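Keeping the supplied structure of chain W fixed, place chain P upon it in accordance with the hints.
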Amino acid sequence: MSMKKTLTKKVINGKEYFYLVYRKKGSLKSEYLGDASSVKYKKYLFSLVKESGTYGLDKARKKNHAAGVPVVYVENGFLVDEYRNGVKEYLDAKLKVVKVEVPHE
Amino acid sequence: MNKETLQLILVSGPIASGKTTFAKCYKNAFLQSLEIKGLKEGIKAETSFASLSTLSDEDLPLLEKAHRKGYRITIYFLFTGRLLTCLRGRYRQIAEGIPFDEAEAKKEYEHSYKGLEEISRLADLVFFIRNQKEFKFLKAYEPKNMDKEQFHKAIKLVKKAVDTIKEA
Chain W
0 MSMKKTLTKK VINGKEYFYL VYRKKGSLKS EYLGDASSVK YKKYLFSLVK
50 ESGTYGLDKA RKKNHAAGVP VVYVENGFLV DEYRNGVKEY LDAKLKVVKV
100 EVPHE
Chain P
0 MNKETLQLIL VSGPIASGKT TFAKCYKNAF LQSLEIKGLK EGIKAETSFA
50 SLSTLSDEDL PLLEKAHRKG YRITIYFLFT GRLLTCLRGR YRQIAEGIPF
100 DEAEAKKEYE HSYKGLEEIS RLADLVFFIR NQKEFKFLKA YEPKNMDKEQ
150 FHKAIKLVKK AVDTIKEA
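If you read the sequences in order, they're chains W and P.
Per numbering that gives the first Met the number 0, residue 0 is the first one in the first sequence, and the count goes up by one each step.
Per numbering that gives the first Met the number 0, residue 0 is the first one in the second sequence, and the count goes up by one each step.
Don't read these hints as lab results, they were simulated from the structure.
Keep in mind that the hints are not guaranteed to be accurate.
[To be verified] The list that follows gives simulated cross-link-like pairs (lysine-lysine, BS3-like), each with its CA atoms no further than 30 Å apart: (1) Lys113(P) / Lys42(W); (2) Lys58(W) / Lys158(P); (3) Lys58(W) / Lys147(P); (4) Lys36(P) / Lys14(W); (5) Lys165(P) / Lys62(W); (6) Lys23(P) / Lys4(W); (7) Lys158(P) / Lys93(W); (8) Lys113(P) / Lys8(W).
Values in this document were obtained by computation on a predicted structure and should not be read as measured data.
Here chain P stands alone, though its shape is the one from the complex:
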């Protein structure tokens, strides 16, 4: 009998994009009731797990490692928009006392998208979800079976759409 494929379900997106909330809402649906662990810890244990990530530079080598170990990687990426991310972060600081540095957040925001582009060669399935008021399922991609440029174009299109706030 075939050895069961290891699953890594990654909820990702910029700061204050709703990763934790998404994980709570869909724990038994999209996260398939898998335990939520840190990437390092989960890969070390060599079991299927779910994780939350902003796709920062530190996370990418870990995801490469997971890929080498034969994990099937599914990503739920949350798009929120730069201004909304900053405002949510600012209000979260007041409401919950979570430290927030706007300049750093803006940098990390762009970094998350770069991370998503980078990870396209490792991920088996990527779901785009818009979270500006509620979770809206946009599209699903299999980056390994599509042109790299085409996938990057898809990211840019959604990013542009969520970043656009009307001019009065």
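Extracted from the complex, chain W is given alone in its bound form:
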């Protein structure tokens, strides 16, 4: 289970700085993330909204399937055409179908 970390903000001379505060073996620890433009802070934000990462695929899936075309992405180095009925076609670099996956009932 991941440790619960709370984001805290400190304002020093009008500039905002961010910290992650958490408890480890009973004692309170803090991890400095930097200001709003720091890479560490952005990585933290990214981890929070990671589930949004599939939003693009979900959106494309809905739109494409409604129009009767597959949604396409890359999985394990193969191009994948995913159809509305759940069938996945794996294509190689020459766009030749090398594997077909049919969903189980």
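Chain P only, in chain W's frame:
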């Protein structure tokens, strides 16, 4: 008190790389709730803004202008891969009716990377994001503080990785 630094947050990448989707997903995170504007319009208004770009030849002079005006430029560059870009474009044409010219798309695809190399002298922070199934944060660079060749090498490495689709 110091005048507030102007921010330009640029979501860039080739055609069908997921720029619009990224901007929607992370509007309040990476885009810092800034208004999305065209480059010309945003620079003219002299306010902080976010923009989407394929880093085409027309956009580069505008980014130079932004740099001269003192904008802090942050780029989120989306890597997808040539074949995937073409297929997404093709399916998008059928699904959404967006015109797609494969030959033109292939040309523009390469152009985007050239644009990214060009812009390295102007950008303060560049994030590499892989978008082949979901957004994957790869690395962040400060091109101004690193060797130009080293940055170009980093681009080529990721480009090669996303362009590689397995041979059966």
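Tested hints:
1. A distance of roughly 26 Å separates the Cα atoms of Lys113(P) and Lys42(W); the hinted pair therefore holds under the 30 Å criterion.
2. For the suggested pair Lys58(W) and Lys158(P), the alpha carbons sit about 25 Å apart, so the restraint of at most 30 Å is met.
3. Annotation: proposed proximity of Lys58(W) to Lys147(P) is violated, straight-line Cα distance about 37 Å (limit 30 Å).
4. Between Lys36(P) and Lys14(W) the alpha-carbon distance is near 26 Å, which keeps this suggested pair within the 30 Å criterion.
5. For the hint linking Lys165(P) to Lys62(W), the alpha-carbon distance of about 27 Å falls within 30 Å, and the restraint holds.
6. About 26 Å separates the Cα atoms of Lys23(P) and Lys4(W), which keeps this hinted pair within 30 Å; it holds.
7. For the given pair, Lys158(P) sits about 18 Å from Lys93(W) by alpha-carbon distance, which is consistent with the 30 Å threshold.
8. Only pairs whose Cα atoms come within 30 Å are accepted, and Lys113(P) paired with Lys8(W) is rejected, the gap being roughly 39 Å.
Hints 3, 8, counting from the list given before, are not met by this structure.
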